[in-house]
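Make a model of the complete structure from these sequences and hints.
All you need for the working numbering is the position in the sequence shown, starting with 1, plus 16.
It is worth saying that the hints were derived from the structure and are not from the lab.
Cβ-Cβ distance ranges computed for the label pairs, FRET-style:
id	residue 1	residue 2	range
1	His169	Ile110	31 to 41 Å
2	Lys50	Ile152	11 to 21 Å
3	Arg82	Tyr165	46 to 56 Å
Each residue gets a CB set at the ideal place from its N, CA and C atoms; glycine is no exception.
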Amino acid sequence: FYSTGIRLSELCGVNLEDLDLLSDQVKVRGKGRKERIVPVGSRAVLALRRYLNSREPVVARPHSDRRAVFVSRTGKRLAPRGVQRIVHALLAGIGGDGLRVHSLRHTFATHMLDAGADLRAVQELLGHASLSTTQIYTHTSVERLKKVYNQAHPRA
Numbered sequence: 017f018y019s020t021g022i023r024l025s026e027l028c029g030v031n032l033e034d035l036d037l038l039s040d041q042v043k044v045r046g047k048g049r050k051e052r053i054v055p056v057g058s059r060a061v062l063a064l065r066r067y068l069n070s071r072e073p074v075v076a077r078p079h080s081d082r083r084a085v086f087v088s089r090t091g092k093r094l095a096p097r098g099v100q101r102i103v104h105a106l107l108a109g110i111g112g113d114g115l116r117v118h119s120l121r122h123t124f125a126t127h128m129l130d131a132g133a134d135l136r137a138v139q140e141l142l143g144h145a146s147l148s149t150t151q152i153y154t155h156t157s158v159e160r161l162k163k164v165y166n167q168a169h170p171r172a
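Printed below as a string of structure tokens:
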């Protein structure tokens with residue numbers, strides 16, 4: 017989620033044919049079945065390649081969902097609740113007990129904006145139909161701008 021900013025439902029819906037690991041991107045189907053291409057960071061691509069190798073014996077079993085990228089131990093497509101449990105356990109393991117899956121999407125957007133990404137580009141990456149939805153994530157960025165302003169402006 018942090019690498020791409022995609023929604024939980026979008027992650028669960030990713031199929032093998034949606035991955036383009038040579039170009040470091042994934043096709044996702046968002047709300048309203050709208051498709052978009054999202055870049056995937058190099059660290060996430062490496063982790064994804066390792067995961068895909070480890071999932072092979074699982075999807076080789078009969079009745080497995082071979083198209084789904086993310087599968088359970090039984091080879092079925094992971095449901096959102098299953099992903100939430102996995103992510104929650106991982107976050108708790110690093111001291112992020114109060115964090116949720118959506119916190120990673122929110123952090124993705126905030127970090128992109130803090131680093132100077134264009135608001136419309138972040139809107140596209142997140143799959144928001146309305147720019148006003150993306151603007152929800154700018155609150156932290158505005159605070160950061162105030163801090164930079166106060167530190168750098170001679171008359172602040």
